[in-house]
Amino acid sequence: MPFEQVNGKVVSVPVAPGREVLARRGAMLAYTGQVQFAPVRASAGGMGGMAGRMMAGEQVQMMVAQGQGTVHYGYRGMYLTIIEVGQMGPLTVEADRLVAHDAGLQATLVFLGSQGGIRGAVRGAVSGQGMFTTQLHGYGTAVVLSHGGTIALPVQPGQTTTVDPQAFVAHVGQVNADIALNASWRDAVGRGSGEAIQLKMTGNGTVYVQASEQKI
Amino acid sequence: MIPVMQAFRLSGSRVLEVDLHGDAVRAAHGAMIAYTGDVAFKSAGMGGGDGLRAALKRRATGESVSLMHCSGHGTVYFAKDAMEVLLVELAGDTLKVESEQLLALSDKLSTDVAFAGLRGMSSGQGLFTTTVTGYGTAALLSSGGPPIALGVSPQFPLVVDPDAFIASQGRLNQTFVTDVSWRNLIGESSGEAFSLRFDGHGVVYIQPEER
Chain C
37 MPFEQVNGKV VSVPVAPGRE VLARRGAMLA YTGQVQFAPV RASAGGMGGM
87 AGRMMAGEQV QMMVAQGQGT VHYGYRGMYL TIIEVGQMGP LTVEADRLVA
137 HDAGLQATLV FLGSQGGIRG AVRGAVSGQG MFTTQLHGYG TAVVLSHGGT
187 IALPVQPGQT TTVDPQAFVA HVGQVNADIA LNASWRDAVG RGSGEAIQLK
237 MTGNGTVYVQ ASEQKI
Chain U
36 MIPVMQAFRL SGSRVLEVDL HGDAVRAAHG AMIAYTGDVA FKSAGMGGGD
86 GLRAALKRRA TGESVSLMHC SGHGTVYFAK DAMEVLLVEL AGDTLKVESE
136 QLLALSDKLS TDVAFAGLRG MSSGQGLFTT TVTGYGTAAL LSSGGPPIAL
186 GVSPQFPLVV DPDAFIASQG RLNQTFVTDV SWRNLIGESS GEAFSLRFDG
236 HGVVYIQPEE R
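From first to last, the protein sequence lines stand for chains C and U.
Sequential numbering of the first sequence, starting at 37, is according to our numbering.
Sequential numbering of the second sequence, starting at 36, is according to our numbering.
Bound conformation, chain C alone:
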């Protein structure tokens, strides 16, 4: 099912029976055809996922579009990036950056602490990101929000890509993100470079970075 970029800030998505689309509530701009929108109560992760979501404060309300037609999505004039999820591996993104995705993609909530132990938890706390992020598994397409558009940087074995946590949007593939504290005595006396906390990406995949350090 092709997701189509209308311009930098609007995507159009065809909807058909058996081809439902999940989207952030309120992100629909316009639609053609016979499309119904219904709130999604239990998240795709089932009861466990829902409990996790409530605990994590990831209260992004989603809705499902079903029927036959084409829906246009956009959110607060921010830039949208279409990301294909497939054999490369899962897509990891903060829930509030996720605008729409194929209902066929399985969404789970990941506690960062389980990924990198205590460092993972520290990463969430320090970088200002949630301690929990959403992971999408399976085959399909997802749309993520960014401030100022994204650039895609490859992550390959033997070459680390390092990202500013505030500019980080999402990563796809078998990518492991680890916080790196690059602070020195200069930061302690207020003469740092402003790049003390960094996210080191290792593995195999792609990381998406936005052209700004602003949050959603």
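Keep in mind that the hints were calculated from the coordinates and are not lab data.
Don't take every hint at face value.
[To be verified] Listed below are the simulated DSBU-like cross-link pairs for lysine-lysine, each with C-alpha atoms no more than 35 angstroms apart in a straight line:
(1) K131/U to K143/U
(2) K251/C to K77/U
(3) K143/U to K236/C
(4) K45/C to K236/C
(5) K251/C to K45/C
(6) K45/C to K143/U
(7) K251/C to K236/C
(8) K131/U to K77/U
(9) K143/U to K77/U
(10) K77/U to K236/C
Since the structure of chain C is provided, determine the placement of chain U on it from the hints.
Just chain U now, kept in the frame of chain C:
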């Protein structure tokens, strides 16, 4: 190995890409969004890496330009607040730029502070601007959309709004124009009482948004 000129590239219109091969680049504090390879970041210090005299002048004038020094091997990506990036080549000439619109500089370029005239009083940018001189590339920022380059020649002087001004390059004489009349006193102004006038030969860059 002597690199001829550091390659500044644009990735899209809002992200600047710079390759480092053991050399260095200076960029606005905190503007790094990502890098590959092994790159170290440290504050360029009070003077922005231009020595004690520049540091003292900045202290005195309040025209603070906080730069960081990035060195190592790899590719660094810079961006700031989703603003459009503009690359300006300098071949020994001088670029006058608003300090907050400066994204990155080749390491060979030097910066200083210059008196900008009275225009600072209206634009709130301080009375001093940053000057960049030398050989290399400077990356500037334009907020609200792509920047606009306007040519200035002796027959065609240019008047711009100080709030939209980004930078000027060339042999330009900058004067401050006021158009204050009795209307301003009773609150009936047009909102364009203060302008910047450029005479001479050169280019002036403006942005499609007023600060």
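How the hints compare with the structure:
no., hint, in the structure
1, K131/U to K143/U, "holds, 16 angstroms"
2, K251/C to K77/U, "holds, 24 angstroms"
3, K143/U to K236/C, "holds, 30 angstroms"
4, K45/C to K236/C, "holds, 29 angstroms"
5, K251/C to K45/C, "holds, 17 angstroms"
6, K45/C to K143/U, "violated, 39 angstroms"
7, K251/C to K236/C, "holds, 20 angstroms"
8, K131/U to K77/U, "holds, 25 angstroms"
9, K143/U to K77/U, "holds, 17 angstroms"
10, K77/U to K236/C, "holds, 18 angstroms"
Going down the numbered hints, you'll see the structure goes against just number 6.
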